[in-house]
Amino acid sequence: MRLLTGNDLKTGAVTWWTGSDWSIHIEDAVDVTGSEDEIARSEEAARRVNVPYAVDAELHEGNPRPSHIKERVRALGPTVRPDLTLKPADPEIGNWVI
Amino acid sequence: MADTLRYRDDEPVDHPAVTVDSFLDQSNATAVRIEPGDDARALVPHLERLALIEVNFPAFGDGRGYSSARILREAGYEGELRAVGDVLVDQLAYMRRCGFDAFEPDKQFDMDDVAAALERWPGVYQQAADDRTPIWSKRHA
Amino acid sequence: MYAYDQYDQAMVDARVEEFRDQARRRLEGKLTEDQFKPLRLMNGLYLQLHAYMLRVAIPYGTLDSRQMHALADIADKYDRGYGHFTTRQNIQYNWIKLEDAADILADLAKVEMHAIQTSGNCIRNISSDHFAGAAADEIVDPRPYAELLRQWSSFHPEFSYLPRKFKIAVIASETDRAAMRLHDIGINIVKNDAGELGAAFYVGGGMGRTPMIAPCINPFVPLDQLVTYAEACLRVYNRYGRRDNKYKARIKILVHELGAEEYTRQVEQEFEHLLDQGVEPPLAELDRIRTFFDDPLFDTRAAYEIDRSDPDFALWVDRNTVPHKADGYVSAVISLKPVGGIPGDATAEQMRLMADLAKDYSFDELRVMHTQNIVLPHVRKADLHALWTALEEAGLGSPNLDTVEDIIACPGLDYCSLANARSIPIAQRISERFAKTGKTGTLGQLKLKISGCINACGHHHAGHIGILGVDRKGVENYQLLLGGSEAEDVSLAKITGPGFDEHGIVDAVETVTTVYENERQDGERFVDTYRRIGMNPFKEALYG
Numbered sequence: 202m203r204l205l206t207g208n209d210l211k212t213g214a215v216t217w218w219t220g221s222d223w224s225i226h227i228e229d230a231v232d233v234t235g236s237e238d239e240i241a242r243s244e245e246a247a248r249r250v251n252v253p254y255a256v257d258a259e260l261h262e263g264n265p266r267p268s269h270i271k272e273r274v275r276a277l278g279p280t281v282r283p284d285l286t287l288k289p290a291d292p293e294i295g296n297w298v299i
Numbered sequence: 149m150a151d152t153l154r155y156r157d158d159e160p161v162d163h164p165a166v167t168v169d170s171f172l173d174q175s176n177a178t179a180v181r182i183e184p185g186d187d188a189r190a191l192v193p194h195l196e197r198l199a200l201i202e203v204n205f206p207a208f209g210d211g212r213g214y215s216s217a218r219i220l221r222e223a224g225y226e227g228e229l230r231a232v233g234d235v236l237v238d239q240l241a242y243m244r245r246c247g248f249d250a251f252e253p254d255k256q257f258d259m260d261d262v263a264a265a266l267e268r269w270p271g272v273y274q275q276a277a278d279d280r281t282p283i284w285s286k287r288h289a
Numbered sequence: 008m009y010a011y012d013q014y015d016q017a018m019v020d021a022r023v024e025e026f027r028d029q030a031r032r033r034l035e036g037k038l039t040e041d042q043f044k045p046l047r048l049m050n051g052l053y054l055q056l057h058a059y060m061l062r063v064a065i066p067y068g069t070l071d072s073r074q075m076h077a078l079a080d081i082a083d084k085y086d087r088g089y090g091h092f093t094t095r096q097n098i099q100y101n102w103i104k105l106e107d108a109a110d111i112l113a114d115l116a117k118v119e120m121h122a123i124q125t126s127g128n129c130i131r132n133i134s135s136d137h138f139a140g141a142a143a144d145e146i147v148d149p150r151p152y153a154e155l156l157r158q159w160s161s162f163h164p165e166f167s168y169l170p171r172k173f174k175i176a177v178i179a180s181e182t183d184r185a186a187m188r189l190h191d192i193g194i195n196i197v198k199n200d201a202g203e204l205g206a207a208f209y210v211g212g213g214m215g216r217t218p219m220i221a222p223c224i225n226p227f228v229p230l231d232q233l234v235t236y237a238e239a240c241l242r243v244y245n246r247y248g249r250r251d252n253k254y255k256a257r258i259k260i261l262v263h264e265l266g267a268e269e270y271t272r273q274v275e276q277e278f279e280h281l282l283d284q285g286v287e288p289p290l291a292e293l294d295r296i297r298t299f300f301d302d303p304l305f306d307t308r309a310a311y312e313i314d315r316s317d318p319d320f321a322l323w324v325d326r327n328t329v330p331h332k333a334d335g336y337v338s339a340v341i342s343l344k345p346v347g348g349i350p351g352d353a354t355a356e357q358m359r360l361m362a363d364l365a366k367d368y369s370f371d372e373l374r375v376m377h378t379q380n381i382v383l384p385h386v387r388k389a390d391l392h393a394l395w396t397a398l399e400e401a402g403l404g405s406p407n408l409d410t411v412e413d414i415i416a417c418p419g420l421d422y423c424s425l426a427n428a429r430s431i432p433i434a435q436r437i438s439e440r441f442a443k444t445g446k447t448g449t450l451g452q453l454k455l456k457i458s459g460c461i462n463a464c465g466h467h468h469a470g471h472i473g474i475l476g477v478d479r480k481g482v483e484n485y486q487l488l489l490g491g492s493e494a495e496d497v498s499l500a501k502i503t504g505p506g507f508d509e510h511g512i513v514d515a516v517e518t519v520t521t522v523y524e525n526e527r528q529d530g531e532r533f534v535d536t537y538r539r540i541g542m543n544p545f546k547e548a549l550y551g
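Protein chains in written order, with the working numbering: chain A, 202 to 299; chain B, 149 to 289; chain C, 8 to 551.
Among the clues, some could well be false.
On the chain C side, residues computed to face chain A include the following (Cβ under 7 Å) [claimed, not checked]:
hint, residue
1, Asp-41
2, Leu-56
3, Ala-58
4, Tyr-59
5, Arg-87
6, Lys-104
7, Val-197
8, Glu-356
9, Gly-481
10, Asn-484
Dumping the calculated SDA-like pairs for lysine to any residue here, alpha-carbon to alpha-carbon at most 20 Å [said to hold, decoys possible]:
hint, chain 1, residue 1, chain 2, residue 2
11, C, Lys-480, A, Arg-266
12, A, Lys-211, C, Arg-27
13, B, Lys-286, C, Gln-284
14, A, Lys-271, C, Lys-480
Hints are computed from structural coordinates only; laboratory data are not their basis.
From a predicted model like this one, the values you see are computed outputs, not experimental measurements.
We treat Cβ as the ideally placed atom computed from N, Cα and C, and that holds for glycine.
Using the sequences and the hints, build the whole thing.
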């Protein structure tokens, strides 16, 4: 599957396309295969996202997980500061990234 | 193509600029266009018969034209020096400092933004091709 | 230290308003991201892996307690309570919002700080010797020259759209503590036979994917021609540096492709021309700047015998303090490399403590080292125990300057959008390993530097031991390099062979240190042994 991601223009936060909006949680991301360029273009033009691009992903325990480690780090936060990630309370989350 | 923004009182040249090569080959042309890779110093022997030098910026990030402009002013060129192409309003103040006195941007400037850009800087830290007095000179006046 | 006058303050204030206007136009859609990017970069604002990142300039690494407090306040108010000190003596924040950026710049301007030209294809913050003004071996304090160049390079109208970024370092001693010859321009302030000061220019050094050591192109530029000569170096680069390939756009490639001799000839020609253009500030300006860097009033009765009865304190004194030009004083290094910690990170609370300690014990001055530590440059020996006690309580007392634990590491894949592999966890595991085996001390000076990609922000080419993280089919892999140095014995490290995974690289580092322990002769550092015995014994131990 393909996920569309980018950063929020104002806050810089990593965001994922949910089919109708942008979410900071990758669990909300939907497959955009085939329509990625069109969504990216219109959403960027509306300044709802900054520098969007699509990444490869697979379903992992029912949720999308990017194929490349860089996108997994982006989706979660710095592995060396679990307290600053989106899942600070999950002790196993490092395994999801690496 | 947007309007030309000029900071000169003389009449603009009314014929198109030629390339540096064709200018050096012929030429009775009084207007020439410098590309980023051209050596501005090749024009130095001919400056007295030039009324317009256009410096092309195919991409705003290619800063060679800033050196071309200053070199021409340092050589004594007093005709129109026009920045042409992908010229952005946030570059105007620096371009003025390098000796440009006309701008023909691909995309029209917002004149409020132009005014803000040109009035922005209360001082300058360098001697350049304009007539602004560097801060170091003011300090030791 | 340097204090702004009305002119400096007005320029920085104008820059804040310019950026506020640019950010507004971006948010309103008047600027595209492509157009806005170079503008935000020239104000230190990156779009990084998780958010915007702001890099704040700390000119030549010098700051006072008021400024350090302001940096701490920014960390709390706009970021997540910490900052990261960088290999170019700056600080960066990882969680910045675009809509806050102008306000942050305004807060910085209130304490005579800024983020001007901390990124972008322009002349970057000028770095210098972190012991400037304190070192026993310096000819003069290099910072006035760095400040002169800071002002010259700020908002330079001709050199703000260079082929690529441009980094300058200024030192003034034989000992190079600023990686001077690995900069685009390295300047060493020297004395000639007549006793006059001048500037030796080294041009075309750098790390990145094509590391080069800068050749000396002029051994003595008179001080009243310093700015003119720099202008000539830059103009030749701006005109002829490659713009067809960003990986070949640094000045080192131009100098390499032309040859140092031909580059020098072109510079000298441009220099002759520019001498008539009035670009040089008068020497009176240099004199004015120098007065800001006069020695503080050292206590001449400060001679003091340190009480070494506490072994932990004695160890810290031995490892983390260095000789000072004034009797009774040392420069004290605050390590930002706690075992298992993140190299260069400091919390807002730690920044405030360091600021307060600088005020109490170091004439209100701090320095950022390119090795991502903090220096209190002028500490009375008599105050060292009180200083150390306060540092220990805050987790800032690690006695590991220049040891294998004192690792330079770039942010790597944990923070950086360019990175291919994580750097920080490797640094953490290595410092933990050596702290555990207790070998940190016996290995002596061992500079270990880790980069998470080929851009070499972690200076891996210049490490006695270097580590380069690469992406091997989506998996982090680490190459090992040996024999580099950024100091006056500058050299470029060589790769040992095939890379290792994240566990294997820690073992590999331990393996090469064992080779060193077995082979070393009297007084040899790791890098000395490597230079004497060569790569083969290390290779055999690693790959057998």
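Non-conforming hints, listed in increasing numerical order = 1, 7, 8, 10
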